[in-house]
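Student: Protein chains in written order, with my numbering: chain R, 1485 to 1897; chain B, 21 to 634.
Think of the hints as simulated: they come from the structure by calculation, not from any bench.
There may be inaccurate statements among the hints.
[To be verified] With a straight-line Cα cutoff of 25 angstroms, these simulated PhoX-like cross-link-like pairs (lysine-lysine) come out:
(1) K549(B) - K1615(R)
(2) K1642(R) - K1631(R)
(3) K1572(R) - K1659(R)
(4) K1659(R) - K1615(R)
(5) K157(B) - K85(B)
(6) K1686(R) - K1659(R)
(7) K564(B) - K553(B)
(8) K1763(R) - K1572(R)
(9) K553(B) - K524(B)
(10) K1631(R) - K564(B)
(11) K1642(R) - K157(B)
(12) K85(B) - K1631(R)
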Amino acid sequence: MVSPTPPDTTPADSAPSEHYIRCARLSKVFKDFWMRDRVNAVDSIDLDVRRGEVFGLLGPNGSGKSTTIKMILGLLHPSSGVISVFGKSPRDVSIKNDIGYLPEDSYLYRFLNARETLDYYGKLFHQDRRKRQNRIDMLLEMVGLDKVQRRPIGEYSKGMQRRIGLAQALINDPKLLILDEPTTGMDPIGTRQIKDLILHLKDSGKTVLLCSHLLSDVEDVTDRAAIMFGGKVRRSGSMDELLTRHDETALTTPALSEAETEKLLALLGQAGVHDVQVKQGRQRLENLFLEIVENAQREGIATAGAGNAGQVAAFLTGDDSDSPDAEKQQAARVLDDLITPTSPAPAATPAGKPAGKPAAQAEPAAAPADNVLEGLTRPAPAAAPKPATPSAPVTPSPSKPKADQDVLDDLMG
Amino acid sequence: MSKPLVRWLSVLIALVATTAGIGGLLWAQEAFTPARVVLFLGESATALWLIRGLYQWRHVGWVTKTTRLITLSLVLGLAALLCEQLGFRAAAIMFLGVWGMAAGFMLGLTLLRAALGGPNPVLSVARTLVDEAIRMKLALIFVVGIVLLIPFLPFTLAGETRLQYRVESFLTYTLMLVTVLLSVMTILLACRTVSTELSERQAFLTLTKPVGRTSYLAGKWLGIMGLNLLLTAVAGVGIYAFTQVLVTNAAQAVGSDEDRFIDYVATREQVLTARRSATPVPVDSSALTLDFERRLYELRLKNPQRFGDPGDPITQVTDAQRGLVQFEAMREWMTIPNRSARTYRFTGLQGAANAGPTIQLRFQPKAAGQLEDRRVGLNLRINDRPFADARTGAPLPRVRNDTWHVAYIASELIGDDGTLDITLLNSVPDQPTVRFEPNAGMEIFYSVGGFGTNLAKGMTVLWVRLAFLAMLGLAAATFLGFPVACMACLLVFLAAVGSTFLDKSLADYAAVYANAPGPWAYATTAVNKFFSKLSEGEFFYAFKMIIRLIGETFTLMVPPMARYSPTPLLADGRVVEWSMLGGAALRIGVISSGVVGLFAAWSFNRREIARVIV
């Protein structure tokens, strides 16, 4: 049986003014000394990033992702085509007020410490001292570097440099956040934190352009994506459009005994579904890792690296007030889930979605599942139509939503 | 400021106040022993509390700076004290000098960073550059060099020479040292900061913030010039202070106390001052003009192709040719044969009449033949009256040949129209011809200001020159890598410093003699000559003309730094004129730096900041 495609929740029909980034027939050709074409890095691509969405720009190394981003930021000039960011040219300095950029590597001053680094970038946005200091305090706590804020950046590990790089990208509370390989060099904790942060920023109305070749990271957080290869966009669309397989259905249940499994298979057989695979549920390695680290932290084992990440900085949650009290009161505990053991109920976490994902986003998947299971519990009609894909395996996902316990109970008698 | 830090500071202040209060009270009541005990205990407790706090709060910026300053003061103070006790007074002064300059630099740096601390992109870029210069050790090496060498140099100069020469040497060496060190530092810093930020990509991040590329360059320039301002100020104060140290330590082996006093006075009046000078003009210029025309006529007879026909107007020679003939005529005029006299007129001395009771006649006689006692005898008359030294009342003695001498003349002898006539008679029998170099061989000097102001003006000229080098380095780094940009800047710097020499060399290389004055005539003559040489098959000469064209284009763009060099003026006790300062500011600071700055902005705004990443 095929679950219907969930409604596209992305602002696909948004007006043109809702586009933060638009690229039309954008090309970039790098020439050699003799002005001969050397590399066709980007080849006539069309791209648009809409307000409030998380857009993933995917592709293998050398596919033109970073070149595209650098053109969007005005660091490279297009060979042909048009780019507009907030409706203006990327070389217009005024648009930079609303952009946060995390490059693929640490482009920070090695001789400045974390605090001085954020202070420097804050000043570039004309932020007064009080506002700057408040934001720096919150960001350092958020990225877990408040304890090592006086160490020069040059002494930081790569992951710590990514964290401070992320903090500088957020110092201006940007409307558009451009993240180029944000999880490179990060440990799983940092990776998870970045993904949670992206979702949180999306909830706060920010727009994120995420460039990565770590597909699982992108899959977890993006609304729409474009896949590049050889300088061209090969496919683009919402994640559901790109990923949904219409020829198979996955069914996840709590642990079943052998008898219950047989019973279920028999029921499925009665419904005409014969080619069924049954697998034992497994938790994700990411969850296991986080559980171990959490236990070690609870035991007070010391580390010289980054500390526990803190709350998302209040000024990023949509509250424009820079009052420290107001921000503290409204700060969301996004990372609480990070340190909450997930192994007891691994199946309760949506597949690939971080623990902090708002429940509302998981709901649409539950309703179609009810319909499917209701159909299963009814006696099969004599001339039941064959499923579209009788050979499609049923692969239990350890993180499929825990939505159908009652239905299953009925099913199992 | 955190609460524990405030508590620590409060306890520190309480300890100091309590110790001073109780100790003072006991001392006032003449209970000296208890007072000493209280002061000892209180000071010990304060010192311990201070050390504990400085260690505990070492991560706080101002505590770190204070700790560095205290440590520096303690180390150098103890070293100075030890040297003084061991009888090495010079070393003690040197350590104190190092301390003073280092502490001054540290305090100045704090002030500079505070001044650049505002929430503005240009200021922010500038402040980060200052941090980069200090923390990446690039500027620090030059700072250490200046802070160590200026206090060290006075004690390396030989003690037995005259004080005047020692001070002149000290000023020459230190000013050259500061000029070279700061120029090289400026070039390295300017080239490095932009080229490295482009190659290591820090510029990517900065330029994705609301910072224009021109603002970015302006911030870099401002940071370099802020650092240069601080260093020129510290160096200037250091040079001034150690000049005074030198003067108060008069040479020991000069002779009697009177000789030492004369040496001291000469140093004060001829070096540590700001003097304006006047060079002589002929009383009757017609003789000199006739001599000039005679020389030109003879040259035209010999070489009409170069100098024109004998009947041509006098204007039909180039400035360089005219200057050469004039120099020869002047040279003859400045020569006094045996049994001859010549009168030299100094004009425009109205200011000198009010500058002080005396003015100085400085001259360097050069005899054309052998002298028995290597001394020259000259009869000197002022305004047609016998000369009597304004200080001693004595006539001019026989003076050593080929050596500078100073005679003091009463300024009241200057006429109301500001003229003074000096007649020199070569009256000693059988004495060879005596001559003086045109322009510098005989001058009248009079004081118009103090050494301090003059030094400040000289350091300002130096700072203006650095402004150009900073802009040049930034401009080069916008399109060149670090090593190439450095080499290009050093080439321009050397050309600018040697601009006078370069101009003369180019004028003699593949010379072009125009038929008429003016640039158009010069250009057409040069083009015609180029093609005629080609048609004659003299390709090498044509090639030399191209080289000269390139060289002249280059020198036209390079600011004439040699013309704005304060070092020889300061070492010679000559005033650094406001016109020189203004000229340097306009020619180098505004025009040259402005043109280079515009080019840098244009180049940087055009270029693609990001490197190729595919």
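Student: Tell me if the straight-line CA distance from K1631(R) to K564(B) falls inside 25 angstroms.
Tutor: Not OK: K1631(R) and K564(B) at ~68 angstroms, beyond 25 angstroms, violated.
Student: Does K1631(R) sit within 25 angstroms of K1642(R), going by the straight-line distance between their CA atoms?
Tutor: Holds - the C-alpha atoms of K1631(R) and K1642(R) are around 17 angstroms apart, at most 25 angstroms.
Student: Does the structure keep K157(B) and K85(B) at a Cα separation of 25 angstroms or less?
Tutor: The hint holds at about 17 angstroms.
Student: Need the status of pair K1686(R), K1659(R): alpha-carbon distance at most 25 angstroms?
Tutor: holds, 10 angstroms
Student: Quickly compare the C-alpha distance for K564(B) and K553(B) to 25 angstroms and report which way the hint goes.
Tutor: Status holds; Cα separation ~11 angstroms.
Student: Hinted pair, alpha-carbon criterion (25 angstroms max): K85(B), K1631(R). Please report holds or violated.
Tutor: holds, 21 angstroms
Student: Does K157(B) sit within 25 angstroms of K1642(R), going by the straight-line distance between their CA atoms?
Tutor: This hinted pair holds, its Cα atoms lying about 24 angstroms apart.
Student: Could you grab the alpha-carbon distance between K1763(R) and K1572(R) and see if it respects the 25 angstroms cut-off?
Tutor: Not OK: K1763(R) and K1572(R) at ~53 angstroms, beyond 25 angstroms, violated.
Student: Check the hint pairing K1572(R) with K1659(R) against an upper bound of 25 angstroms on the C-alpha distance.
Tutor: holds, 15 angstroms
Student: Straight-line Cα separation of K1659(R) and K1615(R) no greater than 25 angstroms?
Tutor: holds, 18 angstroms
Student: Between K553(B) and K524(B), does the CA-CA distance stay at or below 25 angstroms?
Tutor: Between K553(B) and K524(B) the Cα gap is close to 23 angstroms, so the pair holds against 25 angstroms.
Student: So if I understand the rule, the pair passes when the alpha-carbon distance is 25 angstroms or less; does K549(B) with K1615(R) pass?
Tutor: violated, 71 angstroms
In summary, the numbered hints that this structure violates are 1, 8, 10.
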